[in-house]
Every structure is written in structure tokens, then in C-alpha cells.
Amino acid sequence: MRLKYVVLPVVVVLAVSVLASLAGPPADTGTIEGKVTYTGTPPKMKPIDMSKEPICAKEHNPPELAQNVVTGPGNALQDVVVYISAGEPPSPAPSQAVRYDQKGCMYIPHVLPMQVDQPLQIYTDDPFSHNIHPVPKLNPEWNKSQLPGSPPIQTKWSEAEFIQVKCNIHPWMHGYFAVLKTSHYAVTDNNGSFSLKDLTPGKYTVTSWQEQYGTKSQEVTLAAGETKSITFTYKATPYLY
Amino acid sequence: MGKLFAVVLTIITLVSAGLIAAHVWWLPVDISTIGPRIDRQMDETMVATGVLFLSSQLILACFVWKFGDKRDGGKIKYFPGGSGPLIGFAIALVGIEILVLSFGGSKVWAAVYMTPPEPDALHVDVAAEQFAFYFRYAGPDGRFGVIHPERVRDGNGNYFGLDPANDVAARDDVIVGTLTVPVDRPILLTMHSKDMIHSFYVPELRMQQDILPGLTIPLHFTATQAGKYEIVCTQLCGLGHYSMRSFLEVLPPDQFDQWLKSQSGD
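Residue numbers (my numbering), protein chains in the order written: chain B, 1 to 241; chain E, 1001 to 1266.
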């Protein structure tokens, strides 16, 4: 007899949870979406010379282009981090780790967003050593060697900032860790598109960051259930340096 | 025991001299105009030191064989005057040899370091850093962009610290990771180090030159054989020193022109 008093509420709670998850986010949340573009002439990305590491040079034939400014159709800018920089309390760090790969003398992805204190795992797939060297300004700086077949480096960052990552053995390797306080972020795809979902109604500051052209911000007021479309436009210059 | 030592010493001496004389482990092929003179100097050095090495070791073996302690209680004999005159003789002999080799070698050394490059030499700028070499060509305008050390940034490939937005000459500079040169044309390298001491070594060119931060170090050569050769750093420069290398690619002149044109087009 007692068992049914225990089982019944559990079943009800589970059923409600499943239905809630199937129904998606609460109807009163909104979305900020849009596109990041450029005007002017962006620099032409040069092929990366990997002749120092013949295995990589062979793997990337024709050579990969540098990734400092990656453009897409319709003047789109790729690899731009768009995130909520103000208007919400800091989100707690998720326990799920983000993954960063060193493969064929490249960092994948080129820009990796994550939250403050979120576990970060850095893998190497290459049959030779790398020396990964993040260059933060607020967090402690380090560099670690990873031999072929080494287990991933487990780490995290406790201050929000954009951290350049380089390899002390292969000078052309570079990427970025975007360490953010918010859980609402996106990295633009080849169409320059982004989407920040599940935002409660309110006034937000939305910021975009591109490694060469820096940050831009704009205020967005979002009503319940609303989807707002915004655009960030950078002025591109033809010289990378 | 003394006689066994004499035999072992003789065997070691003859085998090691034989290996060198037979060029079992010798220099790789020579591909530079200065190479034959450097190799000749090397040969002369090896012969001169080899004669001294062989004679000293074999005389030592003979003396050990003949005058070793026979354990018969006999009186120990000395050269007249003791060991002093012998040491003086050895110092004079070796000193003369070193002086002769140095004077002979200085001519070859001066041909590399004290002689200016040919006026038509192709100028290539070299940047060495942990743990790679980068090479810069002037591009179609024939002029190098000015180097601004504070602008050096590996992340965007600005290994030389150029400022193309404000410096027109820098815009067409060609920067690559392999030293490509035409065969039979004098090449002038001007080398810089971004961080610490490195060394440019191409055994086939018979050239090895340290590169120090803060200095622009010139080096000139003419490659005589097309092919691909390894450039290695021979100064221990940190954790990745083992991986600090590049390649020298010597091309026929027409292929080189084509290559440079294709690089300039980017």
C-alpha cells in the first residue's frame, strides 16, 4: 500500500519533466539572432607554410589559408563570437567539458567559446610533439608540451577574457579561447549567422568579438517570446598586420 | 700487461685513422662554390693532425712495448735533461702546426666573411625564432619593407614585424618557410633572431653561422647543384630545438623565377 504513495508521485514528476523537455524552452523566452558582416576590403588570407613539419604540409595540400579573417558569402564574417555581455546574472559553470584539438598542425576549432570555470580538455592527434601556450592577460599564463599519444590536458579558466593560444613549436598555429561569463553565446558560421536562444525578457548588451577587428556592442530589449534580429558590421582593412 | 696495452693501443690507433682516411663517416656532398676550398682545408687539417696522432700513438706503443717495466729491478732510465725538453718540443710542434693551419684556413675564412657578396647577389632576409626559420624576399618592387620589432606577431604571420598599411615597400614582400634559391647565383642572407641564439647550418653548403638577437648577420654563398637540403639549428635554443629546421631548395633559374612570381601573386 505504501509503495503506491511513493511510486505515483515519482511517475508524475518524471512525466511532467519529460513533457516539459519535449515542449522546449518556456514560451516566455526570446531569441536574439542575426549576422556579422564587413564593409571595405578584408585582407587576402595567405596559404600557411607548414614545410617545417612535412607530415602537416602533406596533409594540407593545397595548403590551408590563415584564419585571422574568414569571410563568407554576402560579406559575412566567420568565427566571430557573439555573446550577452550585460543584462543577466553570471551563469553557473557547466560541468560538461569543452574540447580543443590539435590536428595536422591546426587548432580545431579556431575559436573555442566556453564559460568561466568550465572544464577544458586539450587533445593532440598528431604523431609529433606540440607545446600549447595560451597567452592570457588576466588568468595565469602557462605552456605545456604534449607528446604524441599523451592524454588530454585538463584545465579551466577562472577569469573571463579572450586568450590567444599558440604553439611554441609550430609558429603558424594560433587560435583563441573565448572565456565568457554568460551561457548565451555563439560563434558565427560561414554565413556570419548567430543565434542566442532562451533569453528571458529584458534589456541586454550584445557584444561581438573578432580577433582582428575587436569588439562591438549594442543594446537589445527583448519582450516575452520575441525574436529580434540584429547585425554587427565591421570595417575591414586590406592589411592583416 | 704492458705489451698487451701496446697492442691494443696500436689497433685502436690504426682502426680509427683508417676509418677517417677511408671517409667512412664523412661530409655530405658539397654544393657550394666555397665548398672545395673548405674541404681541402679540412683534408689538410686531417692529414696534419692525423700524422701527429698516428706518430704520437705509435711511438707511445713502441716505447711501452720496448721499455715497459720488466719487473727485474732494473734502474729507470730517462732522456737526457728529463721530460722538460720533450714537453717543449711537443708544444713547439703542435703550436707550429696550429699556426700553419690557421694561416692557411684564414684565407678560406676570409673568402666567406671578409669578402663582400657579388653585386648581383639575391638578397634574402632571414628571421630565426623558437623554433622555425622564415625567409623574406623583396618582391616585385625590389625593396624590403622596414622591420618594426614591436609589430612582430606570429599569430597573424607577421614574423618580420612589417607595417604594410603604412609602408608601401612591405606590401609585396614574400615571406615563406623554405629558403628557395636559384642555382649558380650568389645569395646574400641577412639574418636576425627574434628571441635567442640560433644557428643556420647547411652541411652541403659547408656553412654554419650563429644568429644572435640584436644583430643583423650577413652570410653569402652560391649553390652549384639543384636539389633539396636540410637547414638545421645547431644552437640549443629551448624545448623544441630538435624540431627547428627548414629546407634549402635550389632550383634552376627559370624555375626559381617562376616560383618567385607565383609567391608574389598571392
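Just so you know, the hints here were simulated from the structure itself, not pulled from any lab data.
Be careful, since some hints might not be right.
[To be verified] Below 27 Å or equal to it, Euclidean Cα-Cα: the simulated DSS-like pairs (lysine-lysine) are:
#: 1; chain 1: B; residue 1: 58; chain 2: B; residue 2: 44
#: 2; chain 1: B; residue 1: 44; chain 2: E; residue 2: 1194
#: 3; chain 1: E; residue 1: 1077; chain 2: B; residue 2: 58
#: 4; chain 1: B; residue 1: 166; chain 2: B; residue 2: 156
#: 5; chain 1: E; residue 1: 1228; chain 2: B; residue 2: 58
#: 6; chain 1: B; residue 1: 46; chain 2: B; residue 2: 235
#: 7; chain 1: B; residue 1: 46; chain 2: E; residue 2: 1107
#: 8; chain 1: B; residue 1: 44; chain 2: E; residue 2: 1003
#: 9; chain 1: E; residue 1: 1261; chain 2: B; residue 2: 166
#: 10; chain 1: B; residue 1: 103; chain 2: B; residue 2: 46
#: 11; chain 1: B; residue 1: 46; chain 2: E; residue 2: 1194
#: 12; chain 1: B; residue 1: 216; chain 2: B; residue 2: 203
#: 13; chain 1: B; residue 1: 144; chain 2: B; residue 2: 156
#: 14; chain 1: B; residue 1: 144; chain 2: E; residue 2: 1261
#: 15; chain 1: E; residue 1: 1228; chain 2: B; residue 2: 46
#: 16; chain 1: E; residue 1: 1261; chain 2: B; residue 2: 137
[To be verified] Some chain E residues flagged as far from chain B (calculated, every beta-carbon gap over 10 Å):
#: 17; residue: 1046
#: 18; residue: 1079
#: 19; residue: 1134
#: 20; residue: 1209
Predicted, not measured: the structure shown is a model, and the values here were computed from it.
For glycine and all other residues, C-beta sits at the position ideal for the given N, C-alpha and C.
Tested hints:
no., hint, result
1, 58/B <-> 44/B, "holds (23 Å)"
2, 44/B <-> 1194/E, "holds (26 Å)"
3, 1077/E <-> 58/B, "violated (72 Å)"
4, 166/B <-> 156/B, "holds (17 Å)"
5, 1228/E <-> 58/B, "holds (16 Å)"
6, 46/B <-> 235/B, "holds (20 Å)"
7, 46/B <-> 1107/E, "violated (44 Å)"
8, 44/B <-> 1003/E, "violated (77 Å)"
9, 1261/E <-> 166/B, "violated (31 Å)"
10, 103/B <-> 46/B, "holds (20 Å)"
11, 46/B <-> 1194/E, "holds (22 Å)"
12, 216/B <-> 203/B, "holds (17 Å)"
13, 144/B <-> 156/B, "holds (14 Å)"
14, 144/B <-> 1261/E, "violated (40 Å)"
15, 1228/E <-> 46/B, "holds (24 Å)"
16, 1261/E <-> 137/B, "violated (41 Å)"
17, 1046, "holds (34 Å)"
18, 1079, "holds (59 Å)"
19, 1134, "violated (8 Å)"
20, 1209, "holds (19 Å)"
In the structure shown, a violation is registered for the earlier hints numbered 3, 7, 8, 9, 14, 16 and 19, in ascending order.
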